[in-house]
Each structure stands twice: as C-alpha cells, then as structure tokens.
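Heads up: the sequence lines are chains A and B, in that order. Our numbering numbers the first residue of the first sequence as 1 and each following residue consecutively. Our numbering numbers the first residue of the second sequence as 1 and each following residue consecutively.
Quick caveat, the hints were computed from the structure, so don't treat them as lab data. Keep in mind that the hints are not guaranteed to be accurate.
Note that the list lumps identical chains together, so a pair holds whenever it fits in one copy or between two copies.
[What the hints assert, rightly or not] Each computed DSS-like pair below joins lysine-lysine, with the alpha-carbon atoms no more than 30 Å apart:
| id | residue 1 | residue 2 |
| --- | --- | --- |
| 1 | K85 | K271 |
| 2 | K26 | K206 |
| 3 | K271 | K206 |
| 4 | K154 | K43 |
| 5 | K206 | K264 |
| 6 | K85 | K279 |
| 7 | K212 | K155 |
| 8 | K271 | K246 |
2 protein chains.
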Amino acid sequence: MEWINKQNVLIVGLGLIGGSYARALKRIGCHVSAIDKNEESIKYALENGVIDEGTSDGEKGADLVKDADCIILALYPTAAIEWVKSNIENIKQGIRITDVTGVKSCIVYEIQDILSDKAEFIAAHPMAGKETSGVECSDDRIFRDANYIVVPTKKNTEEAILWCENLGQILGFNKVSVLSPEEHDEMIAYVSQLTHCIAVSLMTCKDNEHLKDYTGDSFRDLTRIARINENMWSELFHMNKEPLLKEMDLFINELTELRNLIDKDDTEKIKEKMRLSTKRRMKFNK
Amino acid sequence: MEWINKQNVLIVGLGLIGGSYARALKRIGCHVSAIDKNEESIKYALENGVIDEGTSDGEKGADLVKDADCIILALYPTAAIEWVKSNIENIKQGIRITDVTGVKSCIVYEIQDILSDKAEFIAAHPMAGKETSGVECSDDRIFRDANYIVVPTKKNTEEAILWCENLGQILGFNKVSVLSPEEHDEMIAYVSQLTHCIAVSLMTCKDNEHLKDYTGDSFRDLTRIARINENMWSELFHMNKEPLLKEMDLFINELTELRNLIDKDDTEKIKEKMRLSTKRRMKFNK
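Excised from the complex, chain A in its bound form (with noise of 0.2 Å):
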C-alpha cells in the first residue's frame, strides 16, 4: 500500500483528531509533520513522539508544506478553507489533501475549487470524538467503533478515492463507506447535529441541578452529548444551517404530534408510534 513508509504526512491542526491521526500514521511508518498556531501543542506531540517534526512558527510551516507528500487539514471548517487560500503557493504539485470536517458541501467545492489542478481534494468524516479536546488527549483507539466516510464529488478521480479509503482502514475504522457531499450533510443532520441540540435543549430547557440525584441512565445517556465544544458545534451548524433546520423541523413536528396525541389521550396511536420506534431501533443494535 503507497500509504507505508515513504510518505511525507503533513497535519494541518494538531487538535484530538489532528493528534490521533499522527499516532496512528507514525505507527505505520509514515513521516508525520504537523503545524498548529497553538505552540504547547506542538511541545508536547514532540515530546512525546506523536509527531516527528512540528511547528507553529510560519515560516518552519511553510517549509513543511514544501515536503508534504499528503496533507490532512483538522481544521474547523472555515479554517481550512482559509488555509488552502493561504498556503497554495506552497503546496507540491499534483499531490493530495484530506480533512476531518463535519460539514462537506460548504467547504468541499470552495476548496476544490481553490485548488483547481494545484492538487485533488478529497474530503473525508472521521465520525469519532470525545467529550475532551486538544493533542493531549488524542488516541487512535477512538477509531475502533467508529465510522469513517469518505465523501467524493464529481471532480475527483478514483485513484484518490481508494486513496482516501485506505486511509480510513489504516487509522482503524471499523466501517468505511462512501456518500455524496449532499448525503453526507442530512444524514450528519440527523445522526449527528439535531442530536446534539436535543442534548443542549433538554439542559437549558429548566433548572435542574437539584434533580442529579434523581436521573438515572435515560437522561444521562440522552445529555451526555450536552457538554459542548460551542466554538466548533456553533461553526458546523452554521454551516450546515439548511439540512439542519429541515431535520430540526422534522423532528419538533413528530414530538409535537406525540404531546397532543397524548393530550387527547389517543392511546392506540401512542403505541402505534412506540412499536415503530421498537422495530426501527432494534436494527441499529451492534
């Protein structure tokens, strides 16, 4: 496989992915470089052998864009946007470059678009996290259970495609697949964002610190999700705003529904909508 060995993995973004993407790149043998503005991250990855080469001084960085065999951009999405924009003279011809974004269509053809024959864009979800962030806290082994989708438009060739792919097995994901920037955006609606803000809503919606004695695994399982990095969850539903709003409608009309059929106490449609959601639960069992 190309990805062993011989490559020059530049790392835009030395965050918990950023991070874990280095241990598990260097333990393959890839040469792993990162650049990030946050200096104690950079210290620290050196120190403890997450990275073999680092920056955050500007001018070190561009020289380790001039290397990059790849680069890997985990980035929030606006930031990788005006990276590309800022460091194309820099980058080599002809090669690749991925991210870890949670949003695609509105990053994915501007970037593309930036690069024109530069070099291909192929973007990339690695659906993994933590409730904690930054480099200290990285490990490969978030990837285990997690999914990794590779999102392709029109544009890109199916060399880098495999690519991408690979990719996705070597850092150990347990299912790659690929979908379209526009699958990817609602099915993240869904899965992933309107989730999030029902987690948020159910904290903010009352006062409840004098009920933590009282929850039990319900409503710890359904706001564990709650604690929030609001710098990057604001940015992914902004940018993500229409598919996101659509699924937020979607859901607010059924849990409507649901109150007033309890209101009007229609016990058979309640049951109704309860095996629905037995049946279609069942299915999502690991």
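Take the given structure of chain A and dock chain B to it, following the hints.
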C-alpha cells in the same frame, strides 16, 4: 431490622421488578410469596428458587393475601388500584403495603382512600429497569447504581416511611430519598418520561434504516430507550399527563428557540446556550 427473617412478604405481579425484589428479599431471609396471572411466571420462579410460594389461582391467591405481613404491588398503576379494591377483604388488618409504579399522584391518594384504616399504603418508586421484561430477566443487581424514592403523603406515619426507606436499602439501591407525590411526578416527567418521548420521536420522525451504518455513539445513546414497552409506557404517560405535557412544552419551546437562533445565525446566543448546557451537564457526571 424488622425486615429480616420473620416477614411473610407477598409480591403481587411477578415481572422484571417483582422478580428482582423477590430475589433480594429471599436472600436476606424473608419468606417470599407471589401472585401473578401468568402461570408460566410462577412456575419459572418456583423452579428457580426466586420465590418460596406462588400461584396464579384466585383461591390460593386469597390465602397468600391473608398470610401476608406486608405486600408489594409490582403492577401497572391502574392494575394496582384494581387489585387493592378486589382484595381488600383478605388483607390482614394494620399491615403495610408499598408499590413500584413510576407515577404517583394518580394512584397514591386513591389507594390510601380505598384502604382507609385497613392497612397503610406507603408508595415507592424504584428507578431501575432494563430493556427486557419478565421474571426470567429479573436480577437485583439492576438496583445497585439506581435511585429509590419513597413517596409519602400526609397520611403516612413516620414508622411506615422509615420502613419503606429500609426496604430501599435492603434491596441494594445506591441512594434512597423522599419526595412528595407532586415533586416526584414533575421530576419523573422531566428525567424519564420526556426522555422516552424524545427517543421515540427521534426514531419515528424519519425513515432511518439506511442510516444504520453511519450512526455513532450520540445517536445510539439518544435512542437506546426508544425500544419501549408500549403497554406500560402509554399507561404511564396517560396517568401523568399534566406534568408530562408541561415538560414536553418546555422542551419543545426551548428546542424551537435554538432552531430560530440557528436560522438567524445568532452565534453568540447559541454559544451561550451551549455554555449553560455544558456547565449544567458537568454536575450530572458520576
């Protein structure tokens, strides 16, 4: 402790919770008998040493009632009321009766009225469960990390409240506390019933079978309880209708507010909600 060794405990309704009570009480030396309309459940429980005596026969059941030093009603709410009405003649004068139902105002006052001076009804809610049901799945380890709530009214004696708290401790619950029926019902509408409504609606709002390869822990966590016993939960919703509708409205309004902030790109207010939700959720960590 008066619980140990000398009591004839009768459990009415030998399902998951009734069976788990039986296992814990037999272990500390109580003589445990049970009534259940399902002959198979009684047979299983006798064969597996879950109970000492049991029947699904009405006449033999009457004898067990006459012998009981205390009674635990492990029935659905309406069935609990009906059972007390039908069996009051056979209940020994002055004994204590408790229950396990998940809603309180709608049954506690009524059962106390029916019993009058015959016996003292002291309500309790063991906040434990599983996604499975039946005595075959009973296991008193489900009580270990769970909360047990004693729910007295002004009619209850100090002695009965203490007796019921002791029962919670004997069963192995992590925490035993006391709430009024109204406090209990508001709390349970929020932390348990609303969360079940959300989980069900999240599954029913969209045809999602094709998404099962893309879901991560968030979606799984938020929908675990969407596998739901439709007979029990539709009755619980019905019997706690007013508090539940209040909590559903609170939540729907809050989620709609978040939806509108996303629509208006009001990033600052979105972040504010996320900070509040993060701060509150941290207090719920175990």
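For each hint, the structure was consulted:
no.: 1; hint: K85 / K271; result: between (55 Å within a copy, 28 Å between copies)
no.: 2; hint: K26 / K206; result: neither (47 Å within a copy, 41 Å between copies)
no.: 3; hint: K271 / K206; result: both (28 Å within a copy, 17 Å between copies)
no.: 4; hint: K154 / K43; result: neither (40 Å within a copy, 65 Å between copies)
no.: 5; hint: K206 / K264; result: both (25 Å within a copy, 23 Å between copies)
no.: 6; hint: K85 / K279; result: neither (48 Å within a copy, 37 Å between copies)
no.: 7; hint: K212 / K155; result: between (52 Å within a copy, 28 Å between copies)
no.: 8; hint: K271 / K246; result: both (26 Å within a copy, 21 Å between copies)
In this structure, the hints that do not hold are numbers 2, 4, 6, in rising order.
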